[in-house]
Each structure stands twice: as structure tokens, then as C-alpha cells.
Amino acid sequence: MTSRLGWARAAVGISLAAARRSWRHRRWVTFVVMLSVLGWFFTGDTRPVWLFAMGAWLAPALRSASWAFVSPWSYEQRWAGPWRRLRWRSRVRKRWVPLGVAAGWARPVKRGDRTVHAVPRLRQVRTRDHRLLLVVRACSGQTLEDLEAGAPRLASTLAAVSYRCYPSGAGLDALTIELVMVDVLGTPCEAVGVREPVKPARSGLDLGRTQSGERWLLCLTDRHTLVVSASGAGKGSVL
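Numbering-wise (the working numbering), the sequence shown opens with residue 1 and increments by one.
None of these hints come from the bench; they were simulated from the model. Just so you know, not all the hints are guaranteed correct.
Cβ-Cβ distance ranges computed for the label pairs, FRET-style [unchecked claim]:
id, residue 1, residue 2, range
1, K94, S237, 29 to 39 Å
2, G141, D222, 36 to 46 Å
3, P98, A230, 36 to 46 Å
4, M34, T210, 43 to 53 Å
5, A118, L35, 43 to 53 Å
6, S74, T221, 23 to 33 Å
7, G204, S237, 21 to 31 Å
8, K110, F41, 31 to 41 Å
9, S74, V116, 41 to 51 Å
With a straight-line cut-off of 20 Å between C-alpha atoms, the simulated SDA-like cross-links for lysine to any residue are [as the list claims (entries may be wrong)]:
id, residue 1, residue 2
10, K235, H224
11, K94, W83
12, K94, S66
13, K94, E178
14, K94, E145
15, K110, C139
For every residue, glycine included, the Cβ atom is placed at its ideal position computed from N, Cα and C.
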């Protein structure tokens, strides 16, 4: 019950934040203000208009809270997750230059009478589950080690849980930085019961989720070794 109430509170915050950023919401506010002015001009009372506007504004939040309380899993998959990943991508694209400066990648460049910061180029931004994937291309004179050295500062600025880096493609000028933004293993959740037996797929048996939210598959077609013995007998030494 506590986790469901937490999901419901988060749903209200997400819905209100989405409304504030929506162009439809700005048009709606303008329409309500104009309607209130007309109502005050003709009747001298704007309270019915404001009550109607408040109810219409809170309706999406109440709907999302009910959805999150009844079915937290579907709410996360269909609304909260996509909205969260959209915010991650938008933040990185809009604030890439300040993020590059915070990571220590910036180089001062003179352009006329002013000095600007030149940062590595952001080639690609992708999201998958709870991961944010950035493909960064090094500036002239920079190496992948220089980019990798700034990855911890970038992860700290974006409030990531963990990170890892690996070269992007066969070239030596691009680095992929994988940021885990949410640790799904840190928060307990209710197990979802299975009504009917599930036939394992040939790709593997779905046992759970990893830290980044991906499916944790046990491959069934590979070779497996089972070591059985008493506790403390040294089963690990066999492997």
C-alpha cells in the first residue's frame, strides 16, 4: 500500500509538470483568464469560472494518480517512463555546452572580441529503460581518455546513479557514455504474480530486472555447470 501511495504522489507531480510545460496548458490558461475577464465584465462574479478552471487543471493529475495507484507497472511503462526519458534527452540537448564545461571538456576559443567555450560535439542522445546513452565526439587534439576523465563529473552533474564508457564504433574520436539514471534495485516493489505457466523463450528465461531496468535473462542454450556440495566445501574453487 505504501509503494502504491508513493506512485500516486509521483503521478500527481509528473502530470502537473507536464501541464506546465505543455503549449496546450499555456493556451488553456490564456483562455481561462480571458473567460474570467468577460465573466467579471458581464456578471461581476468570476468564481464559477475559476472553480471550473481549477477542476479541469487538476483532472489529469487525479486521473494519473488513480492509474498509478491501481496499476503502477502499466503507469510506469506507458506514461511515467516515456515522460522521464523525454526530460533526460531534452535536458542534455538544451544544456550541452554547460554540461561540457562542468565535465571539464571545454576549451576557450576567441571569436572576435569575445571568448566562447568549445566543447566536444554531442552526436547522439538515446534512452533505453533507465539508461541515458550519449555519443560524444572529441574535439581536435582530444583523446578518448580525455573524454573518459570527464565522465564522472558529467554523471554527477546529471545526478546519475552509475556510469560506464566504451568506444563508439571503430574510430578513436567518439566515446559512448552510458548513464544509469534510476536504480530500480534500490526500491522494493511488489512481485507480479503469474496466472498461467510461462513457456521460456529460446533467447532465455526472464528472471527479473538489472540495475538499469533491462530484462535479466538466463540463457538456456549455452553450457551450464552445476556444482552441488555442503556449505563451506569449496564450491567456488571448482569454478
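Each hint tested on the structure:
1. K94 / S237: 29 to 39 Å: violated, 54 Å
2. G141 / D222: 36 to 46 Å: holds, 44 Å
3. P98 / A230: 36 to 46 Å: violated, 59 Å
4. M34 / T210: 43 to 53 Å: holds, 51 Å
5. A118 / L35: 43 to 53 Å: The hinted range 43 to 53 Å holds for A118 and L35, with Cβ atoms some 50 Å apart.
6. S74 / T221: 23 to 33 Å: With Cβ atoms ~31 Å apart, the hint holds.
7. G204 / S237: 21 to 31 Å: holds, 28 Å
8. K110 / F41: 31 to 41 Å: violated, 58 Å
9. S74 / V116: 41 to 51 Å: Taking Cβ atoms as reference, S74 and V116 lie about 46 Å apart, which means the hint holds.
10. K235 / H224: holds, 15 Å
11. K94 / W83: With a Cα-Cα distance of about 16 Å, the restraint between K94 and W83 holds, given a limit of 20 Å.
12. K94 / S66: At roughly 33 Å apart (the allowed maximum being 20 Å), S66 and K94 break the hint.
13. K94 / E178: It holds: about 19 Å lies between the C-alpha atoms, which stays within 20 Å.
14. K94 / E145: violated, 25 Å
15. K110 / C139: holds, 16 Å
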